[in-house]
Amino acid sequence: MKVDNIYKEEKKSAFAKLSEIIITMASRPSGLIGLSILVFHIILAFISPYIAPHDFKAIDPTLMLQAPSAEYWFGTDDLGRDVFTRTILGGRTALTITFFGSLIALLWGGLLGIFCGLVGGKIDDVVMRIVDAFLSIPWILAMLLIVSLLGTSTEVLIPALGFFYGKGIVRVARAATHDVIAKDFIVSARARGHSNFSIIWNEIIPNVRDAILVEGAMRWSWMLLGFSSLSFLGFGVSPPTPDWGLMISNARGLMSFAYWAVIAPIVGLSSLIIGINLTADAFAKALGIDRSTKAPV
Amino acid sequence: MTDIIQKVKNLSIGFRSKKGEEILILKNITTNIKKGETVGIVGESGSGKSTLALAMMGYVKHGLYTVGGECEFNSSNLLKMKSKELEKIRGRKIAMIPQNAGQALTPNLKIGYQIDEALQLHSDLNEKEREKKISELLNKVRLPSPETIALRYPHELSGGQQQRVAVAMALAGTPDLLLLDEPTTGLDVTTQAHVLELLNFIAKDTGTSMVYVSHDLGAIAQVSDRIIVMYSGEIVLEGPSRDILKRPIHPYTHGLLKSIPKLSLAGLPESMPGSQPQPGTIQSGCSFFDRCNFSDENCKNNSPKLEFLEDLNTSVRCFNHEKLVKESRVSQTVNKIKNKSQDKEILNLSEVSISYAKQKLLDQIFNRISDNNPTVKDININIKKGETIALVGESGSGKSTILKSIAGLLRTKDGLIRFDENRNLSSDLKERDPNDLRIIQLIFQNPDESLNPNHTVEEIIAQPLKLYFGLKGEELKKNIIDLLQKVRLGEFYTSRYPRQLSGGEKQRVAVARAFAAKPDIILCDEVTSALDVSVQAAVLNLLQQLKEDFGTTYIFVSHDLAVVRSISDRVAVLYQGRLCEVGPSNDVYKFPSHPYTEVLLGAVLEPDPDIKPKLVAEDIVEERPPEKGCSFQGRCSRIVGDICKKEVPPWQLTDSGNAIRCHIPIKELQKEQF
Ligand SMILES: Nc1ncnc2c1ncn2[C@@H]1O[C@H](COP(=O)(O)OP(=O)(O)OP(=O)(O)O)[C@@H](O)[C@H]1O
Ligand code: SF4
Ligand code: SF4
Ligand SMILES: [Mg+2]
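Going line by line, the protein sequences match chains Z and R. In terms of this note's numbering, the first sequence has 230 at position 230, counting the first letter as 1, and numbering is strictly consecutive. In terms of this note's numbering, the second sequence has 652 at position 652, counting the first letter as 1, and numbering is strictly consecutive.
Treat the hints with caution; some may be incorrect.
Here are the simulated lysine-lysine pairs, DSS-like style, with alpha carbons at most 30 Å apart [to be verified]:
# : chain 1 : residue 1 : chain 2 : residue 2
1 : Z       : K122      : R       : K430
2 : R       : K18       : Z       : K17
3 : Z       : K17       : R       : K466
4 : R       : K84       : R       : K133
It should be emphasised that the hints constitute simulated quantities derived from the structure, not laboratory data. This structure is a prediction, so every number in the text was calculated from the model and none was measured.
Please model the entire structure based on the sequences and the hints provided.
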């Protein structure tokens, strides 16, 4: 039989696949912008402790609310701390907490969603009811309750955020699993006698992974906004840890005469949210998923 | 001279590839549709037939664009028209009936209302007249009691009835041209025959021109005056229907006709090698070159032009068509299949019943199934080692359900499934040991669904090898390559994903996966019905070859009686989950038959204008089997009275060992059917 040579695509290593996805993402202007912003923030988060020009918690009443200068690029705040130092370190806090929070959300949301999609029936119904019930509680109230009971340490914030932002992932994972579960290749694997674990791992996960990852990326930007709102309300990380939400909340009253103290964290926060959003969008497009979830900004 | 309704002139339609190249999916099509004639457009999937039909109503699918040429209707080019002007033509002058009429009807509006809407849009009748017209239209498409049908919702109609409603709506604007895209694909054999007969009647009665698009030469043969054969975006043959079917002078059509299994012939049809090239891959030469039996050097480098032969009134695109004129008749050489079945019993179903009924709590607790009218009932079949037994019947007859129970995917309600005379398989998956699962493998209808899109061919075939034999490393690889060769695929396929394979190749991979388990029995559920005809024959031949090599037993489920005839040794006919007739396939295909078998046989469409389907019974669809009596009582045209409604008919044996389950004595059946 003659062989057609038009399909040159071969099985690729995970690394090759990832780099191809990134290249596709970067080939669109919006994807390129998003990726650049995100990468910039990540790099900054890694190197900020080493490049920070000042001590982030050094209070100096004599330097109160100085306008930007060669020494203090973004000026100083009401306690005389360097805004530039605090801004770049603030990104580090936000990224770390929300990144790990998203991982947790992905993990439990994805697994529970796949489980529900797989078992179906009564159990699925009950679990989804519970998830829906949680969905209807204003998350910020619940967060406030948790934080006021357990404190605002990172060890509390990460799992709490991860828990609340996992609900949406449950739905997506469940729907994706439902689509796959009816396919004959699953029936075929069951008829062959593969274990449930093998079916989930080999047949289902590869087919729902993309949808879950995209949702996770989207949830990340939501979570960032949520986390910053908490800090803004004073329930996020505790002072003097540099944090954008906290900085905005402290400096907002002084906006009329010391705008610099509030502008820098706002720019930091909004650019990161936009960056993650654009990246998630480009990621979805590169994987060929039509994403209709609304962006938070 | 007859008037020309639609002129297609040098039409080319294409799209831009990712690399920015222009790829043509219709190449320079020129043809005319005359008033009152029915033109059949036939071709494999991807040949461009639907694109052509859509262009005939001025529609070019999203992502495609007109590269050149025109579709002229009433001397104006549809492809250049503004959408306002097109609206006036579509529905009124040109109407379309899509493949899936059920989806085209709005689910929450009554049938009458929907037809009324079509009338308001496409005619100038007032309310009174419209009301009359609705029942007139429903009458015309021969729906029973139009008044009640008009008040129903689409989901309350069967597939065939929905298709009739679609025809009625298309006729609402009294169109001059009716475009039908695979209007009967997906319908049951009997329903299909009825719809085609209706279309023939409508064509005669209204004088509407029709363009009938299908991959099925059998259906095309029944309706068309003229046939256009498309291949790879080109017209390769066009001429009067009878000539094309009886004396095809293009190698592709010739091969296609030979690869269709015929009801009248036992044995496998000849298969055509290869598959249709992807658009944009043909650089030079004839697009059929790779698969052609008549090719020479000239064909490799030069592309043939469409040539009009005056004496035959036929256009053909082939350098060597004269060779075929000599070959003339479609030679009916068919590979006779060897029946190698032994006398040893391999699988026995006795008194098997299967139910889908939701179980009550009490039954769940006692782990029993109670349903006195189960979906499948009283199945007794004794399957011999090495034979191919076919289960045939319309959609919903319980064919797949029986396979699922044999595979352990569904619990049986009652009865016994026994393997190899002593192993009890009347249990579901959880209770079977791995070896019980290995000996029975499944192949599904649609390879797109049965192969995990995220696994490579290697990973797919490796699954059973790892699971059952624990193979690893070199040995695993060697086995995979071995299996690929058995299904005639090269080693380089290992790293491909299913989306990079053609339909036939995918099905071969599925076959290889089934054989990887070294099973004793393979359950084939409609394994060829998603494939193109030319590919179908190749897969059937492959299955037969493998069976001869390995001595595997097949249980082959299909609704296509001609396909069944070609591959099976024995046939079991099912209606509503009850057996009607079981016997050697040669005998089942001869009379006397069970009245239901007679209906099925009569409805088969052959690609021959001289063989018309015989419509013996109504094409009603029954929701569930009757509680008492014969399963076929609701549709039987020979029903003998009360006894059929009260008592389950007895099994009767014909002289040739064919078992028929009917109250009419064999002798009587024989009289009526001959
Ligand atoms: N999961 C299910 N739950 C309830 N009823 C079902 C289910 N699956 C099938 N049925 C019903 O059982 C009957 C037999 O279905 P089955 O799928 O076995 O038919 P089939 O002969 O394979 O038809 P087809 O040719 O359409 O594949 C039908 O009436 C169908 O509606
Ligand atoms: S032109 Fe040549 S290759 Fe093409 S169909 Fe005719 S004989 Fe075959
Ligand atoms: S038993 Fe009666 S209803 Fe059934 S097939 Fe025979 S004649 Fe028809
Ligand atoms: Mg079926």
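- request: Output the numbers, in ascending order, of every earlier hint that fails for this structure.
  value: Of the numbered hints, all hold.
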